[in-house]
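Asks: Chain by chain, the residues:
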Amino acid sequence: MSLGISAIEYINGIKNGTITAEEFVAKTIEHIKKVEPKLHAFISLNDNALEQARAIDKKVKAGQNVGAFYGMPISIKDNICIKGGKTTCASRMLENYTAPYDATVVSKLNAQDAVIIGKTNLDEFAMGVATEFSAFGPSKNPWDTEYVPGGSSGGSAVSVAGLESILSLGSDTGGSVRNPASFCSIVGLKPTYGLVSRYGLVSYANSIEQIGPMGRRVEDVALLLNHIAGKDPHDPTTIDNKNQDYLSGIDSGISGKKIGIIKEMSSGSGLDSTVASVFKNSISAFEKLGAKIEEVSLDMVEYTVATYYVLTTAEAGSNLSRYDNLRYGYDLDSEGYEFKSYISKARRNFGPEVTRRMILGGFVPSAGFAGKYLLKALKVKSKLKKQIEAAFSKCDFLISPTVPVLPFKFGEKIDDPLAMYLADINTVTANLTGVPAISVPYEVKNGLPVGIQIHANLLQEKQLLQAAYALQNTTKLPEVPL
Amino acid sequence: MIGLEIHCQLTKLESKLFCTCKANYRGFEPNTNICPVCMGMPGTLPRLNKKAVEKATMIAMALNCKTPQRLGFFRKNYFYPDLPKNFQITQLNLYGPTSIGEQGKVSIEGKEIRIRRIQIEEDPGRLIYEGVSERTAITLVDYNRAGTPLVEIVTEPDFDNPRQVRIFLNVLSDLLENLGVSDPTLEGAMRADANVSIEGGNRVEVKNIGSFHDLEKAIHFELTRQTSLKERGIEIAQETRHWDDKRKITISSRSKEEDEDYRYILEGDIPWVIMDETSLQGWKKNMPESISSKKERYVSKYRIPAQVADVLSSDKYYSDLFEQAHDESNAKEIANMITTDLMGLVDTREKREQSKLAPKHLSDLVLMMNSGKVTRSSAKNALQEIVKTGKSVSDIMSSIGLAKISDESELGKIIDDIISQESTAVQQAKENPQTINYLVGKVMQKTKGKADPTITLNLFKKKIGI
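Chains as they are written, first to last, in our numbering: chain A, 67 to 548; chain B, 320 to 785.
The set of hints was computed from the structure by calculation and includes no laboratory data. Treat the numbers as computed from the prediction; the structure is a model and nothing was measured. Heads up, some of the hints might be wrong.
Unchecked claim - When the alpha-carbon atoms are kept at most 27 Å apart in a straight line, the in silico DSSO-like pairs for lysine-lysine are as follows:
| # | chain 1 | residue 1 | chain 2 | residue 2 |
| --- | --- | --- | --- | --- |
| 1 | A | LYS442 | B | LYS369 |
| 2 | B | LYS341 | B | LYS395 |
| 3 | B | LYS395 | A | LYS445 |
| 4 | B | LYS761 | B | LYS781 |
| 5 | B | LYS604 | B | LYS331 |
| 6 | B | LYS331 | B | LYS430 |
| 7 | A | LYS324 | A | LYS358 |
| 8 | A | LYS411 | B | LYS395 |
| 9 | B | LYS781 | B | LYS769 |
| 10 | A | LYS127 | A | LYS152 |
| 11 | B | LYS370 | A | LYS297 |
| 12 | A | LYS528 | A | LYS324 |
| 13 | B | LYS341 | A | LYS297 |
| 14 | B | LYS341 | A | LYS149 |
| 15 | B | LYS424 | A | LYS406 |
| 16 | B | LYS670 | B | LYS707 |
| 17 | B | LYS369 | A | LYS297 |
| 18 | A | LYS406 | B | LYS675 |
| 19 | A | LYS81 | A | LYS528 |
| 20 | A | LYS438 | B | LYS395 |
| 21 | B | LYS670 | A | LYS308 |
Said to hold, decoys possible - If you want a taste of the chain B side facing chain A, the calculated C-beta under 10 Å gives, among others:
| # | residue |
| --- | --- |
| 22 | VAL356 |
| 23 | THR363 |
| 24 | ARG366 |
| 25 | GLY391 |
| 26 | ARG394 |
| 27 | ASN396 |
| 28 | LEU585 |
| 29 | GLU586 |
| 30 | GLY587 |
Yeah, the Cβ is synthetic: ideal placement off N, Cα and C, and Gly gets one too.
Taking the hints into account, I'd like the entire structure generated from these sequences.
Replies: As structure tokens, this is what we get:
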């Protein structure tokens, strides 16, 4: 029994009796214990995982109704709430915070008999591209532990790539699912804004972020999406997807489909030459699959990183202002402080990147500056949206490298925020426009993974997953060197 | 010039603005009417109470406002311990008209008061200080109120004096109650801040005013203070002042220049609410009859005097009682009974809550009066008993004997007694027949109002020979 099996293989294994949930979960825990000191994918582990797996096995044995995941170990990013468990957001600010309710995605996974194996590491409050900003130390890239795993859902990507879980849920505000998926050579999907409920996802930039499924195979990601998508009364921004089945017909192929290469994401001085050559290979593969390729220009892309940081810091400034340590938080005696000085003292528990974005977030929407920054950013957003709409009137998919650069080493970019922010250039467009985008692992060059990004139009996840599945089957990836 | 910002809780709604906790938080132990949503726990999202949109739209319509094509919500960001999220979800017309109403108007005594804007927002929690807030050793926070649906009504600076402000607030308070959206008599359900300025001076905002009575005083104080400054050639600073309830003066709290920058941003968690014509028409149709229309109907249909109709229509409690008690034929008498005899018995919310009176009591009593079985003053006594006990009219008649005394021999005996006791008054009555009312009054006193006044008068006249 290999821990590297796909979700589909796991389910088949349980159904035909070749594996049990208990065995698999036990083996996973054993493996986690072995590799965690090296990888640090998790912030906390579920102490009841084995017990839960055992209970599910009992139901299987007794022929009772069993949920779709059959005790499959799934990891959850630690900015998604689980009732009674700690939800730290990798921040000292919430180091001891226990959530009083389940996120909608968590309720859904529990209802389908998943075993939530643990909560994964992230950049503090999901702000970062390397997990270097986790208050509890970074996660390591399983392909080479000197390299970052990407972020902010780095822990989720590492847990999947490192065989510590079959599937994971991350969150993607500007690429936080796709970037680590690309760096760790796994699949990561940022769904259409509103397809997956955000209830229970700790907000960073609420108008553009989504919870996204991550796995080693495209079909696994489709399966996970099947069980988390759809309308949720707790999240008024959710969309009714009519219980679409993303898994059925995933092998339909993309013959005759039109694919646009986004010029601004696939050329220029910022693009690493290795990434460029892998991307070229993927284009040939798409052609062989019968797709028609053309180049598409979205000239607003040039302004998207600036736009993204203006919008997200403005929203983050508001979303994170509730962390004042009055109702929950960490141990800090309020004695002797006047309210404002207490607040400023209490909020010093944020790490450097969050602090940086809080300061920006206080500035960009402020009187006298909103017009220059926030309103301008909103204009770019709406222009970009129009350009994307126009592009999808001609193309079925839009492609680019997921990240223009290869995974980098720890410490390489942490002191240069601008260089770090540029790593987001290819991923933020999907968030700013709301369209779905997926990163598909395509090659591992000199030990470093490269992923290909495919965008589809709003709510076209089914098509998108078909394209990703087709691309996946044109490549054979090496095994992770654990 | 005086302008108002009035906050009114939609106390008649079942739940808070964004969660299912109770909208009327009164009577709960501190911090028990709360949930993860109204406490702003990490990851929670607001769910807009659709009923709040409906009720607030009714207010906007009643104040003759334009309603927008779509509603938008914004975050007003500031740190304060009563705000669980450290921002308040409110409305703003930042991208065109997206608040629940704008450009309305109300007429008070021939003066038109323009409504600038109406918006829906969430009420913060409550801070409880030990002693006065400035010197408190501890501050306690009760979040039971946090998230209560509020409607903010902003007027143009159209008031000339505090009297107009008082009349306007009374009209508004009656209107809100008549719409069935709020009970303005509940403590804290309706609060107002005032913007006060005099010609050539800056605008001063006066906050922290506890009651409408104090509001009038605060405005009066502010006008006097500003006029006095102007007379002495001192510039009137643009600032926010707080009403000091104990000293009955306003005190400067912070200058407008340092006023907080609220960094308004769109609340992305609440999608735009499209205000479709069908819903708007439906809500308009479901609006209760307006006070002015009620009044008009009472006068024209039932021939009720204008003054009586005014009192009756502007108070929802009275008009509801009236509508349920009358059968058209007795409308005028019921109206009179409510506005003259009942009013003093149920003039506060406590008395109304405790009152056992039902509409049927009123119609039964009027029937008794009309058929000559009880006198008006007995009916008044009966009302007192009914409000207290809720006993039926017939029970009361028999148990405490309110039946009218019209028996001439019985009355004759009483009159004879009075004549022998009140010889001076009898003499006076003989000289000036109008003073006979005094003697009739004596009979009434003796019979506790049960004597038939007409028979008594006639008997008296006969007996003393006038």
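Asks: Hint by hint, say whether it matches the structure.
Replies: Results for each hint:
1. A:LYS442 x B:LYS369: 33 Å, violated
2. B:LYS341 x B:LYS395: 23 Å, holds
3. B:LYS395 x A:LYS445: Between B:LYS395 and A:LYS445 the Cα gap is close to 22 Å, so the pair holds against 27 Å.
4. B:LYS761 x B:LYS781: OK: B:LYS761 and B:LYS781 at ~17 Å, within 27 Å.
5. B:LYS604 x B:LYS331: With a Cα-Cα distance of about 19 Å, the restraint between B:LYS604 and B:LYS331 holds, given a limit of 27 Å.
6. B:LYS331 x B:LYS430: 30 Å, violated
7. A:LYS324 x A:LYS358: Roughly 5 Å separates the two Cα atoms, so the pair holds.
8. A:LYS411 x B:LYS395: Status holds; Cα separation ~23 Å.
9. B:LYS781 x B:LYS769: 20 Å, holds
10. A:LYS127 x A:LYS152: 33 Å, violated
11. B:LYS370 x A:LYS297: Holds, at about 21 Å.
12. A:LYS528 x A:LYS324: 16 Å, holds
13. B:LYS341 x A:LYS297: 25 Å, holds
14. B:LYS341 x A:LYS149: The given pair, whose Cα atoms are some 23 Å apart, holds under the 27 Å limit.
15. B:LYS424 x A:LYS406: 41 Å, violated
16. B:LYS670 x B:LYS707: Distance of about 10 Å is within 27 Å: holds.
17. B:LYS369 x A:LYS297: Between B:LYS369 and A:LYS297 the Cα gap is close to 18 Å, so the pair holds against 27 Å.
18. A:LYS406 x B:LYS675: Roughly 52 Å separates the two Cα atoms, so the pair is violated.
19. A:LYS81 x A:LYS528: Measuring from Cα to Cα gives roughly 26 Å; hence the hint holds.
20. A:LYS438 x B:LYS395: Holds, at roughly 20 Å.
21. B:LYS670 x A:LYS308: 55 Å, violated
22. VAL356: 9 Å, holds
23. THR363: 7 Å, holds
24. ARG366: This hint holds: B:ARG366 lies near chain A, its Cβ roughly 6 Å from the closest one there, short of 10 Å.
25. GLY391: 13 Å, violated
26. ARG394: 5 Å, holds
27. ASN396: 5 Å, holds
28. LEU585: Because about 7 Å separates B:LEU585 from the closest Cβ in chain A, which is inside the 10 Å limit, the hint holds.
29. GLU586: OK, holds: B:GLU586 within 10 Å of chain A, min 9 Å.
30. GLY587: 3 Å, holds
Consistency with the previously given hints fails for numbers 1, 6, 10, 15, 18, 21, 25, ordered from lowest to highest.
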